[in-house]
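K.L.:
Okay, here's what each chain looks like letter by letter:
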Amino acid sequence: MATRVPEKKKIGKQLTLPLSHAFNMSMRSIKIRFGRSIIVTMSIVLGIAFLMSILSSNAFTAGILEKGPENIKITIQQNLEEIRIRQLWLVSLSLIVCVVGIVNAMLMAVTERSREIGTMKCLGALDKFIVELFIIESSMQGFVGSIIGVIFGTLATFFVYVLRYKGLIWHIFPAGLLLKYSLFSILLGVLISVIGAIYPAYVSAKLEPAEAIRREV
Amino acid sequence: MPREAIVRTIGLKKTFLLGKIPLNVLKGIDLEIYRGEYISIMGPSGSGKTTLFNMIGGLDKPTEGKVYIDEVDIAQLDAYELAWLRCRKIGYIFQTFNLIPVMTALENVMLPMIFGGMEMDEAMNKAKELLETVGLGARLHHKPFELSGGQQQRVAIARALANDPAIILADEPTGNLDLKTGKEIIHLLKEMNRNKEVSIITATHDLKMLDVSDRVIWIRDGMIERIEDRENLQIKVGEVEGEEAG
Chain S
1 MATRVPEKKK
11 IGKQLTLPLS
21 HAFNMSMRSI
31 KIRFGRSIIV
41 TMSIVLGIAF
51 LMSILSSNAF
61 TAGILEKGPE
71 NIKITIQQNL
81 EEIRIRQLWL
91 VSLSLIVCVV
101 GIVNAMLMAV
111 TERSREIGTM
121 KCLGALDKFI
131 VELFIIESSM
141 QGFVGSIIGV
151 IFGTLATFFV
161 YVLRYKGLIW
171 HIFPAGLLLK
181 YSLFSILLGV
191 LISVIGAIYP
201 AYVSAKLEPA
211 EAIRREV
Chain D
218 MPREAIVRTI
228 GLKKTFLLGK
238 IPLNVLKGID
248 LEIYRGEYIS
258 IMGPSGSGKT
268 TLFNMIGGLD
278 KPTEGKVYID
288 EVDIAQLDAY
298 ELAWLRCRKI
308 GYIFQTFNLI
318 PVMTALENVM
328 LPMIFGGMEM
338 DEAMNKAKEL
348 LETVGLGARL
358 HHKPFELSGG
368 QQQRVAIARA
378 LANDPAIILA
388 DEPTGNLDLK
398 TGKEIIHLLK
408 EMNRNKEVSI
418 ITATHDLKML
428 DVSDRVIWIR
438 DGMIERIEDR
448 ENLQIKVGEV
458 EGEEAG
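These protein sequences, in sequence, are chains S and D. Counted the way the numbering used here counts, the first sequence spans residues 1 to 217. Counted the way the numbering used here counts, the second sequence spans residues 218 to 463.
Next comes chain S alone, as it looks inside the complex (with noise of 0.2 Å):
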């Protein structure tokens, strides 16, 4: 009895789900758990904010280096060396933060999420489904905190730079490099939300589901 052959045929595979289910079962989840999401998404605005307020900084400078009165260009020069230094520092400074700091905060949000992915698992949901999911909610979340973040750096230099430079600033306005900035920040708030989040989905969703469900956090 115990050698009985099994036969396979009894067996279907499950369909892959079209991506706009992943998509809507993301989006609601996002808008229920607004708080949870808010403070997700708050934590990549931080973090892009203050990437981008260095960044546009370097970018009010070199408009300044380029279009400026002399006597202003003088100045600056004169420390450029020192100026240089202290940007360069501040850049890898403020890169680091933000991706430590969204890094952590998209590990948290979906490892404590291990039990539900374990549910999902157990009711039929391929990995690749849970993954979907994961994907398209955090780069939502960067997406969204990394056009906040731009917006809120990007001000707050630029204030700063008014109350210094007067009028002279519209005319030095670097307009170009401020855009070149800010897409590059986008991208990398959306880049970083997505490995952040991915990488304990990916985990959750490769453990057994017995093991997800009970992995506590």
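These are calculated hints, taken from the structure and not from any lab test. Any given hint could be a false lead.
[What the hints assert, rightly or not] Straight-line C-alpha distance at most 30 Å; calculated BS3-like pairs for lysine-lysine:
1. Lys128/S with Lys345/D
2. Lys180/S with Lys67/S
3. Lys128/S with Lys283/D
4. Lys360/D with Lys206/S
5. Lys360/D with Lys31/S
6. Lys10/S with Lys230/D
7. Lys206/S with Lys237/D
8. Lys206/S with Lys425/D
9. Lys343/D with Lys360/D
10. Lys400/D with Lys425/D
[As the list claims (entries may be wrong)] Derived list of chain S stretches under chain D, where covered just means 3 residues or more per stretch with a C-beta under 8 Å from a C-beta of chain D:
11. 24-33
12. 122-131
13. 162-173
14. 202-211
Where a beta carbon is used, it is the ideal one built from N, C-alpha and C, also for glycine.
With chain S fixed as given, assemble chain D onto it according to the hints.
P.N.:
Relative to the frame of chain S, chain D by itself:
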């Protein structure tokens, strides 16, 4: 006609690593469960019943031995087949209910049907029907945290029945419920067992389960201690209670 085994385990062993020390939780379980049976797996906590339950449900992999569900060795299934099996053949009920917290009762019940590829409208109608069957027709749009424990477990039962599974696995389904609610859940499970001809396997140490079980499998220290039919059960209840107390 010989009885058809819906679940069969052969020499099932499971070892967990506690740090570096291996812990043998299951030490060789041979078991046959037939279609339409109501089975209780009983034993003290730490006896390995939840582990056995996870193996039978394809929720965890055995260290050694085989599990056949409907004569299919589940170790040989790929990810897609395993997901299909969990979706259609088996319904799961947990001690902690495990409803998806952001979804309403209706959406929770619809989820396995959506995973199974059913159309939205059809899934919604069937989910409504199922929730009415378990007595929650008036609570379709409530979120889990707006429901009592007993109500949440009813949603979980409706969800487990969503794709007309052959087996319902219930791990301590009454563990987080009070006496009266627990009884109601047990009777609901029995009703489903009769009306839908679904096999029910519960891991439990709730003695109220004895009344409705066709067979009781006693587990102790990762081994089957004894298997009893219901007819032989009544006399032993007293003795069992003594054991549990000790």
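K.L.:
Looking at the structure, which of the earlier hints fail to hold?
P.N.:
Failing hints, ascending: 8 and 13.
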